[in-house]
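Enquirer: Take the given structure of chain A and dock chain B to it, following the hints.
From first to last, the protein sequence lines stand for chains A and B.
Numbered per this note's numbering, the first sequence finishes at 583, counting up by one with no gaps.
Numbered per this note's numbering, the second sequence finishes at 287, counting up by one with no gaps.
Don't read these hints as lab results, they were simulated from the structure.
Using N, Cα and C, we set each Cβ at its ideal position, and we do this for glycine too.
Treat the hints loosely; a few may be bogus.
[To be verified] Coverage of chain A stretches by chain B, computed from C-beta distances (three or more under 8 Å per stretch; other residues unrestricted):
#1 344-354
#2 524-537
[As the list claims (entries may be wrong)] Examples of chain B residues toward chain A, derived with CB under 8 Å:
#3 LEU23
#4 ALA97
#5 LEU206
#6 LEU248
For reference, the chains in residue letters:
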Amino acid sequence: MRAPTLRRVGWAAPPLAALLILLVYPMLQVVATSFDAVGSGAPGQAWPTVLGDPAVHRALLTTLQVAAMTTLGCLVLGVFLALVLAYVPFPGAGAVTRLVEAVISFPSFLIPLAFGTLFGPVGIVNTAITGTTGAAEGPLQFMGSVHGVVLAEVAYFTPFIVRPVLAAFQRLPPDQINAASSLGAHPGRIVGQVILPGAYPAIAGAGVLVFMLALNEFGIILFTGAQDVVTLPLMVYTRAIVTFDLPGASVIACLQAAVSLLVYFAYSRLFVRRSGR
Amino acid sequence: MLIRNAAARGAIWAVFGLLVLGLMASPVLITLMLALARQWTSFLPSGVTGEHLGEALSADSLASFSVSVQTAVISSALAVLLGTWAALAGRSAPAWLRQPMSALFHLPSAIPSVVIGLGVLIAFSTPPLLLNGTPAIVVAVQTVMVLAFTYSNVHAALEGLDRQQALVASSLGASPARILLTVTLPQLLPSIGAAAGLSLALCMGELGATMMVYPASWRTVPVSIFTALDRGEVFLAAAMTLLLLLITLVILALLALVRTGRGPARRGGGRRRAGKEGVGLAA
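Extracted from the complex, chain B is given alone in its bound form:
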């Protein structure tokens, strides 16, 4: 305990509480109140209603949620596959390839989302790769946005892996494929799971790159929220945001369950909390 004076400690806690409440908890609280408000023209909303949430679950918005979930699942799966593959291949690649490969796979985190969106829009609007106007272009752009994140998560976990087991397996005559499937991948499973869950959450909320490329027939939830807000439908926008937050929280909770619960998460030497580094980079 750094501060021994009880009064000083109380003052510090009060400031701390105000800052956390005012800046971090209040956006969620305000969104909740907006989503449930009947009308809000004076200091407090006048009455509670489930009308906006109902509207957020009606045909139009529900389609957006379905689009977002499909896009996020496919993009995250692709990003996890490519990121894991790249991290594994990068480790066994010859020395001259290792460094450039690592730099290249970290690169998407340094490029602004709108710039990635612009690039994908231009590149895939002309042959040979004509994807503009299809859902595939949104999947492509979201995959790139989370790829650096999945790569760095698995890469960090690999660095911390005990290589003895693989060496022992190899000296006992196991083939590289068998070592990969029965030794390395099970050890990586906790960090792959963590990367998958956070990728899903990040894809669900992705806005910058998606705004650049989405076709009218494939609007994700963040795009629909922006459109609703632009039309002045604040309560609908808040209700959709609230549902988006709930979905994100459910994903995160399932993730925490996998990470701390029984099963492969504990067996795989998951003590090293790998790859906390990259979370922000893909946001």
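Chain A with its partners taken away, still in its complex shape:
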């Protein structure tokens, strides 16, 4: 027994209206604002100006570079951690799994706050070392570079790999692994030829998800405060809030949203294919 079509559509109307007001209308406003005139210039001038700006090109490349390096680091680390938790278990593995789950709900800026104050250019370790040696600069300079940001992002995003991959490992039938093991296969060979291929969809899906999250990450970059690491989200913030160039910020926001949506559609296609099996 089903309600008439009109009532079924009407039932969906209130949440749809809320989403249109809270999300779709603001996004359309961003697109509209990107065509506004800057100062006394002509309308639409922000697009060629921003797209021709070498600083924006660098920011786009930095964003992609940080996201790619983060994804690679998280995949290596996350798959290793999940393998150990699933196949080389130890007493207390359950507690580690819970720690991993808790880290996901923590704010991302926790990590650069801790790492930055400790290992930053004027952080505690450097100050302690220059205090004893009298050198002008501390030896640890990585926190201000792309590597520092990538380290913080790897620490933050790895749980997003561990959780789904561990779940996939636990769903794999143990028979194949036991058979391979009893036939004398080397553990490395079992991992490479049985376990990883079996969990491949989960690993790929988690990798794309982390790539997307890393593209959009803002808190870690802001709190690291690295001068050389300017990504698109940081640029949107500085243009809009610090220099109050709303058309310019909107163009960069459109660019950033386009990149993320592209990755998102790749992710949902992967995900749909996986659940279709």
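Expert: Chain B alone, transformed into the frame defined by chain A:
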């Protein structure tokens, strides 16, 4: 057990322990030490003090905590209401509406937080919807940030629901409203509770979108932490972060209690651990 050689196993565990300690546990430990450090100019802090925690609970910061809790509670409640409603309506909607609706409600997770913040700032700074400068704009932006997450949690739980009970109730003559209130919603309660708890935690730590829209009179804790750090008050920033973590952990612990404890959580067929999928998307 994949590795039979005891020495190899020990080596693997050592590497594992170093990685988990160095990357995942150390930020929390360092924050704890910073929050309690009297001074920290050599390798170890010189003495323990509760001064920074006291400062983090003093008038100014306490106001931030109150702002964050209020914003998070209202935003999460709105997001849970809208997300649950949308998931339920989406299931009974005609086929042509179902797919676009699902795509639309998953969308906020694909858009960067700063872009959502920029959009809300621009859209609500001019009539007809003038919210700029009020707490409402922060509530609006945080609601959007967690909406995709609550929606996908409840949506996933609905997919896994046994529809027989609702069909039986319907064939016995129960009205749709009665089926919703007495059959479907009780079954969904565990995942709605889980979504609410994690939304609260995510809202408490939300930074990107909030930074774009907050008025000076409505600073959330993450904004105040950034301001403190920017002023060079590292110890205060760490103390506030520590308190924020504690609040998040309390929320998560209460959530785990509800999920594994007695009461509606067990009755509602909550065996399917629904919606683990969406957690990250809203962060």
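Enquirer: Which of the listed hints are not met by the structure?
Expert: 1
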